[in-house]
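Enquirer: Residue strings, one per chain:
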Amino acid sequence: MADESRRKFLMRYAAMVVAAATAPNGARAAEGEGNASRDLANNVGPGYVLYGPPPSPDPTLHPWRPRPPAPVYGPPPSPYPTVDPTRPPPPAPVYGPPPRDPLDK
Amino acid sequence: MSEETEQPALSAPEVRDYAGALESFLAAKESARARHDLAYLFWECTLRCNLECRHCGSDCRRDASTKAVELPADRVCRELSAIARRYDPRGVTFAIIGGEPLIRRDIETVGAHAAALGYAWGVTTNAMLLKPARLASLKAAGLRTISVSLDGLEKQHDALRRRAGAFRTVSAAIRRLVDDPFYQRFDVICCVNALNIDSLEPFTDYLAALGVPQARFTPVFSRGRADANSGLMLTGAQLRRLLAFVANQRRARRDIEVTLSEEGYWGPNWECKVRDGFHYCGSGVGVGSILHDGAVTGCPSVSRRFVEGNLSEASFLDIWERRFSRFRQGRRGLAAAACGACRHWDLCEGGGCHLFDPADAAIETCSLKRIGEYWE
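So the sequence lines, in the order shown, correspond to chains Y and E. 35 is the number that the numbering used here gives to position 28 of the first sequence; each next residue is one higher, with no gaps. 165 is the number that the numbering used here gives to position 83 of the second sequence; each next residue is one higher, with no gaps.
Hints are supplied without guarantee of correctness; some may be wrong.
[Stated by the list, open to error] Cβ-to-Cβ under 7 Å is the rule here; a few derived chain Y residues that face chain E:
1. F16
2. L17
3. M18
4. Y20
5. A21
6. A22
7. M23
8. V24
9. V25
10. A27
[To be verified] Quick list of simulated restraints, FRET-style, between CB atoms:
11. Y:D10 to E:A276: 39 to 47 Å
12. E:N392 to Y:D10: 37 to 45 Å
13. Y:S12 to E:P95: 17 to 25 Å
If you're looking for bench data, these hints aren't it; they were derived computationally from the structure. We treat Cβ as the ideally placed atom computed from N, Cα and C, and that holds for glycine.
Turn these sequences into a full structure, and let the hints guide you.
Expert: What follows is the structure, encoded as structure tokens:
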């Protein structure tokens with residue numbers, strides 16, 4: 008996709024993410040009605056909370072989850088701990104640094 | 083969606099910030115493709131399995147017909163040693179899968195070798211053979227991470243596994259793992275399909291009560307025995323229920339971490355709600371596999387048509403460094419024809435290499451179309 012076309016697409020995509028995040032307390036998602044395209048007319052006012060972090064600017068240095076995603080179909084989870092303040096941290100690695108080149112997950 | 087309705091949101095600084103993060107994410111993906119540093123190595127140690135599950139996405143078999151072509155442990159150890167000279171093994175997860183990996187008695191030999199080199203290694207298992215003695219053996223070999231497959235409550239799990247009593251056997255193994263947390267990571271993987279979609283909440287409650295720290299839900303996809311005639315594929319409405327379930331569990335629960343697997347690209351309504359990061363398929367970019375017969379490919383879920391070489395002709399590193407252009411630069415050529423001109427391509431890239439070449443061409447592989455949320 009050409010740069011300008013891609014930029015416009017990503018802006019539109021981001022607007023949908025923000026609009027989806029304004030759904031009150033996840034009620035729409037709970038009903039399986041999470042269609043952000045219907046929410047774009049909603050105001051994106053102060054105090055909204057995105058559901059999750061925006062994608063990492065660098066998947067190799069993901070600030071929220073510094074480890075590669077376990078690919079589909081039965082991979083063991085990576086042993087490197089997640090960084091999620093809402094959950095107790097898993098045991099720290101007993102040796103070495105986190106992976107130098109994690110993907111997402 | 084009309085152009086008019088999107089304008090108010092486009093002006094918000096949050097939107098610009100998020101779009102900027104997406105741009106950076108795409109640039110980082112491009113950089114990762116160019117570097118293709120190995121971060122995750124699978125070894126499919128066998129295709130033999132002690133079960134014959136209705137939903138299995140692998141090519142595993144209950145007979146021993148493939149045993150003769152399995153790689154010996156010492157060959158895998160040599161490859162691990164060579165890889166450790168090229169990459170820092172502390173940054174590479176080494177995952178042993180099958181078939182059922184515990185069928186082989188020598189995976190501890192390979193695991194111990196991997197641990198001595200500095201890899202973090204783990205297994206994915208159906209846990210039917212995870213008895214106390216075997217668990218002690220894995221522990222002694224330095225196992226760091228383990229995933230156990232459990233596909234619902236007793237009725238659903240035993241039906242999918244085609245084995246009465248399987249649920250209770252696996253539950254006992256899970257209790258042993260919870261009671262002795264010698265590993266660094268442990269999760270339960272559940273393949274969500276038409277048989278268990280209606281009982282995900284009580285199932286998650288059951289896992290939490292057992293003390294399982296993390297549950298990973300992965301929607302069934304068209305591979306192996308799971309084809310359109312299997313009766314297991316999820317409808318669009320069921321997929322949306324799964325996404326909503328995972329999103330709400332992640333928001334509300336603190337007793338167990340619930341996540342969707344990296345399966346598929348789900349668009350702006352769901353990405354980052356159902357998992358920590360954004361959809362990204364690293365197959366052939368940072369994820370490589372050695373299959374049971376020495377074939378080398380991206381992740382083990384991709385079609386066997388996308389094998390890039392075999393250890394009988396070259397080392398893993400030779401294949402990894404010199405080939406894999408289809409995974410790194412040529413994905414458009416592998417994906418469904420409709421993906422070629424799709425505006426979501428940069429973010430989706432076909433939803434993951436495992437969705438290319440489905441077992442049943444009649445099955446729609448576009449996640450957004452399946453859930454009725456495709457837009458351009």
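Enquirer: Between Y:D10 and E:A276, is the Cβ distance one that fits in 39 to 47 Å?
Expert: holds (43 Å)
Enquirer: Let's test the interface hint: is any C-beta of chain E closer than 7 Å to that of Y:A21?
Expert: holds (4 Å)
Enquirer: Do the numbers back the hint for Y:L17, that is, is its least Cβ distance to chain E under 7 Å?
Expert: The hint holds - Y:L17 has a Cβ within 7 Å of chain E, the shortest such distance being about 5 Å.
Enquirer: Can we keep the Y:A22 interface hint, with Cβ of chain E closer than 7 Å?
Expert: holds (4 Å)
Enquirer: Between the beta carbons of Y:S12 and E:P95, is the distance compatible with 17 to 25 Å?
Expert: holds (23 Å)
Enquirer: Can we keep the Y:F16 interface hint, with Cβ of chain E closer than 7 Å?
Expert: Where the cut-off is 7 Å and the nearest Cβ of chain E is about 5 Å from Y:F16, the hint holds.
Enquirer: Taking the closest Cβ pair, is Y:M18 under 7 Å from chain E?
Expert: With a minimum Cβ separation of about 5 Å from chain E (threshold 7 Å), the hint on Y:M18 holds.
Enquirer: Is the shortest C-beta separation between Y:V24 and chain E less than 7 Å?
Expert: holds (4 Å)
Enquirer: Holds or violated: the hint that Y:M23 contacts chain E, with Cβ atoms closer than 7 Å.
Expert: Cβ of Y:M23 sits 4 Å from chain E, so the hint holds.
Enquirer: Should the interface hint for Y:Y20 be scored as holding, given a Cβ-Cβ cut-off of 7 Å against chain E?
Expert: holds (5 Å)
Enquirer: Could you check if Y:A27 really has its C-beta closer than 7 Å to a C-beta on chain E?
Expert: Constraint on Y:A27 satisfied, holds at 5 Å.
Enquirer: With a cut-off of 7 Å, does the beta carbon of Y:V25 approach a beta carbon of chain E closely enough for the hint to hold?
Expert: holds (5 Å)
The structure agrees with every numbered hint stated previously.
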